Structures are given as structure tokens and as C-alpha cells.
Amino acid sequence: MKNSKFVISSVLVTSMVLGMTSCSMFDDAGKQCTEVGDEFMEALIDRNVEDMAELCTDEDEALEIFIPYCGDMEAVKAILSNATFEAGKPECKTKDKKGEIEYTLTLPDYESCLDEDPEDMDELEDLLEDTEDTIEIKVTLEFKLKKDEWLIDNVEYIAEDVFGELYDVDWGFESPLASKIDYICFDSWNDDDVYYTDTNHMKFNVYFIEEVEEDLTFEVVKDGVVVFQADVNYIGIYDQADCYVEPEDLGVSEFEAGDYTFNVYDSHRGLIISATCTVVA
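In terms of the working numbering, the sequence shown opens at residue 1 and continues consecutively.
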């Protein structure tokens, strides 16, 4: 009988230990995900591409997605430098090897600041620092357990939720580089119209009358939607800004018929030039 009691007691103790260990694993998963998530959000606010990518399941994919958003964009940098974040309750389980946390990113109310019609970036920065109004963006980080390490697995959605929204803002600044344009051209000119037929790329070039010493970015818009964003490919000895796009950049095997507008911006998100070409089916 004593042996039976000892066996039963041992089973109960073992069950309790296993149960406590299991709960501990779940608690550790939530804690570990939060630590990774906080580190990622800090890197996001700093727009540190390398640090963000190192915390993702596919580092190369993360670099490809985040690099276009983390150039020398002063307006976005000014907003994020005044941002804070807060983690929600982690929903992460070691046995499932996945989880998620909803973060609240609090930004200065840049919309109300723009309503004040700032004349330049310096004035916008002052308004952002002084305003007490805020805007909140909800962003969910999805995690996957990979080789005993929790990593972020939904970089494309994060980029759209945070950077995509900020990059869609019309900052209203007129770029001083607009007055320094010599001429522009697509690599396909047809009389007075610009159109492409059976093309495997589109290229828009801007030539300046003097050297440009800042990083430029461009976006491609179709049907009112930004379908591609990147740094200009090259500014050479002829002061040429080369904006080059292939179908794969848009996630398609070939360009769809329609109008494509190229917008070129300076580092302050000031619009330098906008031009439209047409792809003919």
C-alpha cells in the first residue's frame, strides 16, 4: 500500500511539474516575442533597415521591402523621431511555433500640422515638436519560432501599415530642384504621346542643369494607387536621375495596359516632377 501511495504521489508531482513547465514555456514565449517586437519597433522608428531585417524570418526579403522606405526622407524621419509605441497582449505559444502582438504606434498629428501650411521642412519639424495632438496606427507583428528564435514573419503588411501610410501623404512642399530641371524623357517617345508596346521595362529620366547632392526617390502610380517605390537608380556625371521599373517590381509577369505616372521626390518629400506614360495592350 505504501508503494502504491508513493507511485500515485510521484505521478501527481510529475504532472504538476510538467504543467508548471508548460505554463512557463507559454509565458516565456510571450515575453520573448515582446522583447523581439519592442526591438523591432525601436528599429522601425529609427528606420534602421539592417536591424529590422535581422529580426525577420527572411532577412533578404525584409531588406528588399524596407530599403525603399528608409531613404533620406526628412518628413517621415521627423514624424517617426517623435513617435512612441506600446505593445498589446502577446498571443504566442511555443507548441504552435507562432504568435502575434498588436502594437499601437503613436505619432504627432502631422495632418493638423500640415493644415497650418508650413512653408518648408524646418517649419514642419517645429510644428511636429510642438503639437500635443496625436495619431495612432495599429500594426500587428506576426511571429514564427525558427530554430528556437522568435522572428517576425509579416514584413510586407508592416511596411504597408506604417510606411505606406506615411508615404501617401502629400507634404505640399515645392522642391527647389524643380527649377533645376533641364529636360525629361521616357525611353519611348512616339510623336506627342508617350506609350509602350510589348515592353519589358519602363524608364523615366530627369536631367538637371547642375549636380544634385541629395538622395532622390520615385514612385509609380496606376489607377490612383502607388504600385512601386524606390530610390532613383542612378545619378551620373550628366546629373541624370534614372527611374527604372520592370514588371517583376510590380509583382506581375507583364505590365497591364493603362496609364503609369512617375513622381520624383527630393529628400524632403518635395515633388520635383510628375510625368505619365501609357502601356498599350
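Any given hint could turn out to be false.
Dumping the calculated DSS-like pairs for lysine-lysine here, alpha-carbon to alpha-carbon at most 30 Å [stated by the list, open to error]: (1) 138 / 93; (2) 77 / 203; (3) 31 / 203.
Keep in mind the hints are simulated off the structure, nothing from the lab. Please read these numbers as outputs of a predicted model, since none were measured by experiment.
We went through each hint and held it up to the structure:
For the suggested pair residue 138 and residue 93, the alpha carbons sit about 22 Å apart, so the restraint of at most 30 Å is met. The hinted pair formed by residue 77 and residue 203 meets the criterion: a straight-line CA distance of about 28 Å does not exceed 30 Å. As the CA atoms of residue 31 and residue 203 are separated by approximately 48 Å, the hinted pair breaks the 30 Å bound.
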